[in-house]
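Order-wise, the sequence lines are chains P and L. Numbers 7 to 436, taken from my numbering, label the letters of the first sequence in order. Numbers 138 to 314, taken from my numbering, label the letters of the second sequence in order.
FYI, nobody ran anything at the bench for these hints, they're computed from the structure. Treat each hint with caution, since some may be false.
[Said to hold, decoys possible] Partial pick of chain L residues on the chain P-facing surface, computed with a CB cut under 7 angstroms:
1) T157
2) I160
3) V168
4) F189
5) S197
6) I207
7) I241
8) M246
9) Q248
[To be verified] Pair ranges (Cβ atoms, derived):
10) A143(L) / M401(P): 37 to 45 angstroms
11) I333(P) / F223(L): 29 to 37 angstroms
12) E312(P) / D287(L): 35 to 43 angstroms
13) I333(P) / L226(L): 33 to 41 angstroms
14) F221(P) / D287(L): 52 to 60 angstroms
15) T326(P) / F286(L): 52 to 60 angstroms
16) R306(P) / R294(L): 39 to 47 angstroms
17) V162(L) / I329(P): 46 to 54 angstroms
Everything numeric in this text was worked out from a predicted model, so none of it was measured. The C-beta atom is built at its ideal place from N, Cα and C for all residues, glycine as well.
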Amino acid sequence: MISLLLNPTFLFIFALLLLFLIGMPVAFSMGLTSLILMIIDGKIQYANVAQKMMGGVNSFVILAVPLFLLAGKLLNSGGITDRIFAFCKVCVGYLPGGLGHVNVASSIIFSGMSGTAVSDAAGLGSIEIKAMRDAGYSKGFSSAITAASSTIGPIIPPSLPMVIYGVTAGASVGALFLAGIIPGLLMGLAMMLLCAYYAKTRSYPRGEKPTFQLFFMALRKAFLPLLTPVIIIGGIYSGWFTPTEAAVVAVLYGFILSKFVYKEISWSDLIPILRETARDSAILGLIISCATLYGNVIMRNKIPMEILDFFTSFAHSPLTMLIVLNIFLLIVGAFMETVSAITILVPIMLPIMAQYNIDPIHFGVVMVLNLMIGLLTPPFGLVLFVISKIGEISMISLVKELIPFISILLVVLALITFFPQIVLWLPGLM
Amino acid sequence: MKRLLAFLDKTLDVFTIIMTLGIVVCVSLQVLFRFVLEFPAPWTEEIARYMFVYLTFIGSAIAVREKTHITIEVLVERLPLVIRTFFLLFVQFGIVFFLIVLMIGSWYMVQNSGNVTSSSLLWLKMSHIYFGVFLGSVLMIFYSILRIFDIFIEFTRGQNSKNKLSQISGEVKVINK
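Extracted from the complex, chain L is given alone in its bound form (with noise of 0.2 angstroms):
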């Protein structure tokens, strides 16, 4: 199981990687193709426009995992553990909830715009880009699954230590009389 989360990781890691290259080697080319060789190759930008699509969605997911979305912390650090352990809760349903709705959404949409060609490229619906919302949604939706385990996890550890904690404090009292 361990294991398995670790190649999820991995794997996302290298695909946010390629996409990252890709938008640079695709805008590059976009530039050669209009000042060197001097005609417009429209699939370049809509290529690199996709990745960026792909790499926003799937990018997001390795972001709830390591929790590096930008969130303004005034209240929670400072709360009482039961209540932060409600927020965080609360944020996490919250999350998932919308998670959800953009899943359903997009899946949608996947089935709906399977005719839709994207400009340019006449192999290329826009059922395939939404189908990277609708993956990054799954894989963020997963990912807040576990964190609601963990918190959980946490939750229990910080009920002990902190009977640990106010034992100590208690035997040093103790001495201090």
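Bound-form chain P, shown alone (with noise of 0.2 angstroms):
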């Protein structure tokens, strides 16, 4: 008994999910696991804590997660929105189950601007559940397709999951956003099949079919809002700019979109958001810094060679093994936010990709996408929670109303894990 309680891997997750349980945050969880664990070594070691703690902020790939934060938030305002919902309603709001495809098109565009699914929900959501119950949608089925959709958000570049994924693996966050674009674009396509399904066994309305004036009118509108996308997937991809350089040049056109072109916000409006990205910011980077200590203290300690040890014991090809990673991770995914989970993961995983030859691109957006899932299902996802407070639905109510998509979404993963071209076949083009 005792000499298992010595052992640092069995230690080390006792020690963490006690943490967690107990309610302590989870960068600390981290930090102190890893003194714990240095403690059991023998001693603690000052200065290499406060080395690792820095150099895990200290790079220049992290600073894409502010500035993608700030864009959002930049671009998440009113005039913006509407102008892309607006756009995308003549492009297929004449669709059987028309306002439905328009909320899964928003997404896809809108997650080409922003980098979170929670705030895809939170922003966008709030405008296409209105949209959808003035045309008379049922709650259930405009709340579920709204959170099913915002989780495209995180899948097309550009995506936050993905930068803290890049930054942990030290895979190219460049190459993992390209790769996350097929994927997201066959989400879209499969719910948009599930809301024709549903259009034609429920009747729902469909729109008129616009005129090509209308379309014009409509692209006219939202041309300047529809560029950032294409320029953002489009320098990266070109190779003009790093992820965090494509992040800058989107707050900056964000800003000018935002603050000169539809004045949508005001010089005093700026303070709150930058207050707010200062806030996430810096609460995501204490995780990240303690995510590389702690990284660095479980390889020394060997652990995840002894969790490899155990996997390796009986799943004997890379197709098993990735299909024990998936079920362990949507698990994973419904108890713990996103980016806790990669920074804890990642580091664990990292040796057995190694020793299975999974592409670490590859296994990041499947990673991503499943904990994408996550956010959908109870007991802590949550975009549930934003939705079931938006679309003033009740939580059981939403995630009976999910479970066809989460089912589609489930297919999307098999896909794109029993498939790497999918994932693989844009970023090996760059």
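From these two lone chains plus the hints, build me the complex, please.
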């Protein structure tokens, strides 16, 4: 028993879970667990703690975090989201189940500007739900499709979880961004198919087919916001910008659009936007900082190798390993917030990926999609909380309506797990 | 005392906002230098990185103050008051212990990296950057200790109100009979 307690791997998992359970913030839990391992090992290396903590956030790539957060907040103002919604309405609104498709399409376009699912759900989501309710769609369906489509946000670039994954795994953020494009579009397509099926069986209303004139009017109105994803993705794809530089360009572009072109925000609105960005980034920064210390300590104690040994005892091929990891991540995602899960799990999973020849870029997209599905599942789906508040719907009925959406997301997950080409084709062209 | 505390809060708030704005300006300058003026300016990248170090550690102190650090609250909310208070205190003491280690370590680095120059700016030493970590950990310790006091106060208040509550429910029971 005592030897089990002193086994670093066991102790580390036990300590980390215990600290989570009694309500210690994720960042400090990782930090304190690292200290406990150091104490078991003999002594606390004070300078090493400071070096790793500082080094974790002293990187240029990580600057994409505050910048994309800020860009998302600047572009999430009413004028811009309304224009995107209106544009999507003339594009797909006349299909059966019209506004459902509009909802998914707007989310796809908006995910090319913003990097988190929760902000997509909160900003664009309220417009989408209101429009669908006004047109006579049921509360459950409008809320469910809004919640589901907001998970496309972090799959299509820019994406906060991908930046964090890239930093912790040492993978190229640019490649991860490009890798997410096709899976993100697949998710959108799958949701639209489901929506079309519902439109048939439940006879949902459809919009009128717009004339070319109307289409061009909406396009002209939405043209400038529509350029944002083009600038970000095009800039990274062509190798012009690093992700961080693309992020600052998005900030400047978003600022010019909402301040000078559409005059949505005043100078005094900028202070709260900057304040929110500062706080969100500091919180994420501390998690990354503690995760760097923690990743270093568990590597020195060879903990990932022991966990790898455990897995190799029953998973013999990369495919079985991927299935095991997927199931594990779906469970973790239901309980844990995305960034915390990535920073805690990636250091453990890196040796597994190396052993089984799993491409880190491929696995990054698989992992983020898993965690996005986790945002839609109880007990701790953040998007569930946000949407049930905005849509004024109970959690239980929202989850019930979401089950088909979660099922098709699982199909997409299976597709990108078993066919890595879907993910790796675009970054391979770069 | 209260006004002093409010002043500290305000200062940190303004500081983090300036750091965020600074990051935007520095990275924008980098893009400007590279694409428009066509000569690279590595100092913009470095300053932006160091600003993020300061933003992280000073901003984390604000988050300790406002209790906004990401937490997985599964258990604690539903526990009886005494056990909950025990856990809350345990968590705060654990945080303070970790931060003291970080404080000692970062102070050591402040003292011992005064000669290490960050690559492109000769006047800027690594000790200046470690000072941000040190300052942040001191502020976080300070706010954690404040929180420990708050937990004690909440606990005694909770005890009192619980007594009152049981009295009231006792009365209700009496009436129902």
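Outcome of the hint check:
{"no.": "1", "hint": "T157", "verdict": "holds, 4 angstroms"}
{"no.": "2", "hint": "I160", "verdict": "holds, 6 angstroms"}
{"no.": "3", "hint": "V168", "verdict": "holds, 5 angstroms"}
{"no.": "4", "hint": "F189", "verdict": "holds, 6 angstroms"}
{"no.": "5", "hint": "S197", "verdict": "holds, 4 angstroms"}
{"no.": "6", "hint": "I207", "verdict": "holds, 5 angstroms"}
{"no.": "7", "hint": "I241", "verdict": "holds, 5 angstroms"}
{"no.": "8", "hint": "M246", "verdict": "holds, 5 angstroms"}
{"no.": "9", "hint": "Q248", "verdict": "violated, 10 angstroms"}
{"no.": "10", "hint": "A143(L) / M401(P): 37 to 45 angstroms", "verdict": "holds, 38 angstroms"}
{"no.": "11", "hint": "I333(P) / F223(L): 29 to 37 angstroms", "verdict": "holds, 36 angstroms"}
{"no.": "12", "hint": "E312(P) / D287(L): 35 to 43 angstroms", "verdict": "holds, 41 angstroms"}
{"no.": "13", "hint": "I333(P) / L226(L): 33 to 41 angstroms", "verdict": "holds, 37 angstroms"}
{"no.": "14", "hint": "F221(P) / D287(L): 52 to 60 angstroms", "verdict": "holds, 59 angstroms"}
{"no.": "15", "hint": "T326(P) / F286(L): 52 to 60 angstroms", "verdict": "holds, 53 angstroms"}
{"no.": "16", "hint": "R306(P) / R294(L): 39 to 47 angstroms", "verdict": "holds, 45 angstroms"}
{"no.": "17", "hint": "V162(L) / I329(P): 46 to 54 angstroms", "verdict": "holds, 47 angstroms"}
Hint 9 alone, counting from the list given before, is not met by this structure.
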